[in-house]
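Keeping their order, the protein sequence lines are chains D and C.
So for the first sequence, the working numbering puts the first residue at 1; every next one is plus one.
So for the second sequence, the working numbering puts the first residue at 1; every next one is plus one.
Misleading hints may appear alongside valid ones.
Computed from the model, here is a short list of chain D residues facing chain C with C-beta under 10 Å [to be verified]:
1) Ala-15
2) Thr-18
3) Thr-28
4) Leu-29
5) Ser-31
6) Val-33
7) Phe-34
Worth flagging that the hints you see were computed from the coordinates, not collected in a lab.
We put the CB at the ideal spot given by N, CA and C, even for glycine.
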Amino acid sequence: MATAEMYLTQSADIAARTLGEDTVIMSTLDSTVFMLNSVGTAIWNAADGATPLSQIVHERVCAEFEVSGEQAMADAKEFVGELAQHGILLVSDSPLSPDAPFSPKEAP
Amino acid sequence: MSLPIEIPGVSAGLVIEIGGFPIEVQTTDPEFERILNWRYGGYIRPGRAPEFALRVHVANPEPIDPDADAEVWLDDREWKMTRGDFSASWSPAERRGEVRQTANPYSIDSVLRIVHTLKLAPEGGFLLHASSAVRNGKAFLFSGLSEAGKTTMARLAPPDATVLTDEASYVRKVDAQYFAYGTPFAGEMGEPGKNISAPIAAVYLLNKAQENRIDQIEPAVAVQRLLRNILFFAHQSDLVRQVFEAACAFVAAVPVYQLSFFPDQRVWELIG
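Work out the full structure: start from the sequences and follow the hints.
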C-alpha cells in the first residue's frame, strides 16, 4: 500500500540560523531552542512546502550521507514528527504554498 | 537628550546607573530609600540625568508565593510585570514607570533586571547568567545555571582581577564591540560587582571537572547554550527574535569556550 506523502514547511513563528553544518532554531511562541545536526539541517533547508519528504530524503539525505533509504525515511519521519509537535515544522499531505490555507497532518 | 523627570508629590529620587543606563528610582519611604542606598551604593549617580524614572509605592506586606515566576507582557506600549512580591509597569515612551512592592531590596532588584533586559534587547545586548571579571583590561564571563560554578569562579579570582558580578553579567554592544559592565545583581557572594566596564575577551561555559581544560565548541552549540543562560522574561515574538539574533551576533564576534574546571585557584592560570 502506498504511504501518503508528507509536505513540510517552516513555521513563521521561529527564528533560525545555520552555523557551520548545524542549525539553531528558537520558537517565538514558547522560546524553546532546538539544534539540528547536518542531516536535520538538510531536511530543514529543503522544507519548502512543495517538495515531498520522500524526495527530500532521497536527494538531500541518501545522496549526501551514508544511510539506507528505508532507515533514512524512518529517521526523517521521527525528526519531522518531533519538530511538528513543537510547531517548528508544518506538515501536510498536500503541497503547501505560501498563500494556501494550512491543513495540518497528524504527526507520525 | 535626557530631561529631569518630575512626578507630582514625589521628591527627586536616586539615580541608579547600571550598564551606562541611568534610571531614577523615586520613593517617599525613608526606610526604602535607605535600602536603595545600601543595595546600590556603588551605582548611585547623584546629579546624573536619568533616562527614565520608576516611582516605587511601598505597600504593606501581604502573603506571597515565593516560587512564583515573573510575568512580563506588553500592553499598549506599556510593559507590565508582576510576580508574587511586586507589580510594576514601565512606559518607555513616557519615560516613567510605577512599582508596587514592600520595603525589600529583592523586588526592585528584579524589576530593574527586567527593565534592563527589555532595554538591552533591541540594541543587541543582554543579561547573562554568568559571573564576570576584568583582568588585564579585558572582561571574561563564566556562564552557567545554578551550581555551575559562577560564584566559585568569582571567589577564586586572583588579586589582579576585578569582579563585575558573581550572578548576572551585563553585556552591551557599543560601536560593534561587546562590553561587560559591573552589576549590583549579586548571587551567593552577596556583594555588588565593581562598577566598571571592559571589552569582552571570551565567554567560558562552566563545567565542573577533575582537571582544568578549555575546549573549543561549535558556534551552533555556543548559541544554544548561551540562549539557555540569557535572562529574558517577556515572550513577545519580536523580543524573542531580538534575543536570538543578539546571541547569534555575539557568538560571531566573541570566542565562546567550554571551561572544565576543578574549583581551586589554578583554574585562573588559564584565564587572561
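Against the structure, the hints:
1. Ala-15: Where the cut-off is 10 Å and the nearest Cβ of chain C is about 4 Å from D/Ala-15, the hint holds.
2. Thr-18: holds, 8 Å
3. Thr-28: holds, 4 Å
4. Leu-29: holds, 7 Å
5. Ser-31: holds, 6 Å
6. Val-33: holds, 5 Å
7. Phe-34: holds, 8 Å
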